[in-house]
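Chemist: Residue-level listing of the chains:
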Amino acid sequence: MEYALSESLEDYLLGIFVVSKQNKVVRLKDIAKERQVKLPSVVNALKELVEKGLISHERYSYVTFTDKGLNEAKRLYDRHKTVFKFLYEILGVTEFIAEKDAHRMEHDLTASTLDLLTKFTEFMEMSSKIGESRFPEQFKYFMETGKFPEIKYEEGGVMEKTKEKPLSELKRGESGKIVRIKKGIGALKGKLLTMGAVPGTVVKVKKVAPLGDPIDILILGYHLSLRKEEAEKIIVQEI
Amino acid sequence: MTNALITKGKTINVALAGNPNAGKSTIFNALTGGRAHVGNWPGVTVEKKEGRFKYKEYEFLVTDLPGTYSLTAYSIDERIARDYVTKEKLDVVVSVTDSTNLERNLYLLVSFLELGVNSVLDLNMADILEQRKVRVNTKKMEELLGTPVVMTSATKKAGLNELKEMIIRSKDRKIQPLRIDYGKEIEEAIKKVKESLSSINSPYPVRFLSIKLLEGDIEIIKEVRGLGYERSVEVAMHEGSRLEIGFGYDLETEIIERRYGFIESIIRQCVRRVPTIEEKLTVSDKIDGIVTNKWLGIPIFAFLLWTTFQLTFTVGGIFADFIDTFFGWLAESSAIWFASIGVPGWLSSLVGDGIISGVGAVFVFLPTILILFAFLSFLEDVGYMSRAAFVMDKAMHAIGLPGKSFIPMILGFGCNVPAIMSARTISSEKDRLLTILINPFISCSARLPVYVMFTGIFFKSNQGVVLFTLYMLGIAVAVLSAKLFKSTIPKLKGPVSPLVMELPPYRIPTLKGVSIHTWERGREFLKKAGTIIFAGVILIWLLATFPMSSEYASETTLIGLIGKFFAPLFRPAGFPFWQAAVALLFGIIAKEIVVGTFGTLFGGEGALSASLLKYFTPLSAYSFMVMSLLYIPCIAAIGVIYRETNSWKWTTFITAYSLVIGWVMATVVYQVGSLLI
Ligand SMILES: Nc1nc2c(ncn2[C@@H]2O[C@H](COP(=O)(O)OP(=O)(O)O)[C@@H](O)[C@H]2O)c(=O)[nH]1
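Taken in sequence, the protein lines are chains A and B. The first sequence begins at 957 in the numbering used here and counts up by one. The second sequence begins at 4 in the numbering used here and counts up by one.
Note that these hints are calculated values from the structure, not bench results. Glycine included, every Cβ here is placed at the ideal spot set by N, Cα and C. Errors might be hidden in some of the hints.
To give an idea of the interface, some chain A residues facing chain B are shown, with a C-beta separation under 7 Å as derived from the structure [what the hints assert, rightly or not]:
1. Ile1046
2. Val1049
3. Ala1067
4. Thr1150
5. Ala1165
6. Tyr1178
7. His1179
8. Leu1180
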């Protein structure tokens, strides 16, 4: 490459790309907001990016990418997304940390390590999609219980072995003990937890609505109705 | 000056907080005698109720917080509650709890105590506890929680004086935030985060901030960041992920679980004989077995709704007709009387056609609104409304709305005004807004006279079919608009909000509770929407009167000129004459006025039918009915849309949108029809 971007310029390029995906036009103040910096810093960074031929920006107008800049930004964006996926989906760290650490890893890891990490993430994604390997599933189980799952490969997944299933699969009249709530549902998880759906609580499916959804569960002595969509996120152990 | 100081010292600022259905409104009404000032929390459409009362030498100022289960950042309601108790100068927060379900109800109180809020715990529904022979050791509870405890029975007005005394006694208490022991590892993590937060300037206690950071509470993270403590957020994240691996759960789960553990231990120590779950729900369960039954659930819902509908619009209709006739008579008599004492015609018309019909236009809705909300509050207080949402949820989900929007949709067939008001029970702001915006397309009963007039003249042999197509068209436009809005307007985008809804036990409502609620809605309508309706009527009167040389609403008045100006616009829709445009303009006051306007403009009842036949073809009559159905919500609907959305932006948007849709649909009908015929 005939240019080497410094760490912070890469961040700016990425930031501009993110803004351009959200808004029709890219204004200085949007970039400042995205990067959480003051306007003068943005102006300086843009000047450098213009010099490197990555973006064009006339005074008082919107920021646009050059072809070269767009390619570079896309590359950075894809890389960021993969690293983020690795942290968030595979390792299961929280969204917030994943965002932060992804950022650090991009800059601090050697290119070859990053490449391998990308490959690994793709591999894990495929294997969980195809369902051939039980690797991702087993890893999740290990993370949540600290134990290595005993596996028989013939039938069903790991879940079946431990008698764990989503609440949505309990039938009317069946009870279960909450094991955990799945990640990745944002604030809903906190809402369910604060309403008493903490691990160890026993729930019982009391009714199913006439059209088959939502369901009514008894929890901590009160009735709570959830759509199957939400109930799916609550993992219970049958009792 | 000194006087003001003294009274100030004796005002006690109290907020009521609690889970939904814990009896908060009942306590509020019992304390204040039901006299409340109803407004909005700043910037949002969540209702805020305030009231005052005197007890001994003190003046109490009571604010009713939105019903919440906790103080997370999950919904606006919870954020309002949290901000209010921390940032406002409150003397005491009364935590109203349903003492028959302490496990869940105490969670909110514990959140307050951890925040260091000066709280009084009110164990409400003590009468039910007594019936079930459950004893609560309040002394012990006070000790363990470090906060005063009172028992009340709001519906029986028992324990209220004790509550007031307790508020007075504890108003100047020095508070230490409650410390729950979260176990060694978490406590160490808390300590680390706490150290990194040293000398932070926040209204929240440092320990509370640390715990919330570890829980990953988004609002608190923002707050701490805003104060320049980015590093603490990182420390918390780091500690969090370190501990998570050990626990096998994320820290949020772990912390909340321990909090519940703490509550459980309190209950174990203070409550004698917690009745088993099965035992305490039997009656409710039996009712639910019928009401949400696979086969009976929907028919029962349909029947209840049909009854509500019938009674509201037939009984309400009788009163409404009476009020209408009364104001009509009043306008006429005033005109006669004015003429007899020689008052100029314009003034007489201002009073008769303007002011009196303006007031009439507002009051005409009152009986319907009162009767309807009496029913709805009754069903709500009984506990049926959440069952209705439960039963209908899946059907509504298909069109991108939650179960609770079914009722407003159906009520729209009677009148869009109370229908829009009834959307208030939908808790997600996004869903509520969407429900309100599509409601005007549901064909209300005021459009019926227009259909009847035209179908009676042009579609004598298949009146019913034509009517049916119009109603279906309204529904289709509503559903498709919902889809359209959901996919284009950022604020309305996204899936239906998750359903996490309590089905409260059935209770026998009190007459007082229902009547206070009903009257609140009626009064609000008069105050907020009423002014807009009145202003609208006066505006139309002005347009129809000036210039004064012309006859009322004739071709040469402003309204006639406006009609003339717009008439060509309706050429593609098949009715390009000024009378139609003027009728539509008048129809904004109330859709049925379209009929009366044609009557006036085409000279009396007898001539009407002949003139309509001259001006309209069956096809243009149909396109005109389509226009009347869709073109603009009536002024009253506009008024309540504004009242309920609290935003001129949305009100203007939906008015403009429906005008465009009405015109487009009428044009499409006419053009396609012309090709086919
Ligand atoms: N038996 C009994 N019922 C009560 C008591 N307080 C409230 N209720 C009933 O509980 C239901 C919910 O009360 P409400 O005040 O609307 O609850 P909110 O949602 O917290 O405002 C109503 O039907 C009340 O009549 C009480 O002390 N004893």
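Chemist: None of the hints should be skipped; say for each whether it holds.
Modeler: Do the hints match the structure? See the list:
no., hint, verdict
1, Ile1046, "violated, 14 Å"
2, Val1049, "holds, 6 Å"
3, Ala1067, "violated, 26 Å"
4, Thr1150, "holds, 4 Å"
5, Ala1165, "holds, 5 Å"
6, Tyr1178, "holds, 5 Å"
7, His1179, "holds, 4 Å"
8, Leu1180, "holds, 6 Å"
Violation of the numbered hints given earlier is confined to hints 1, 3; the remaining hints are satisfied by the structure.
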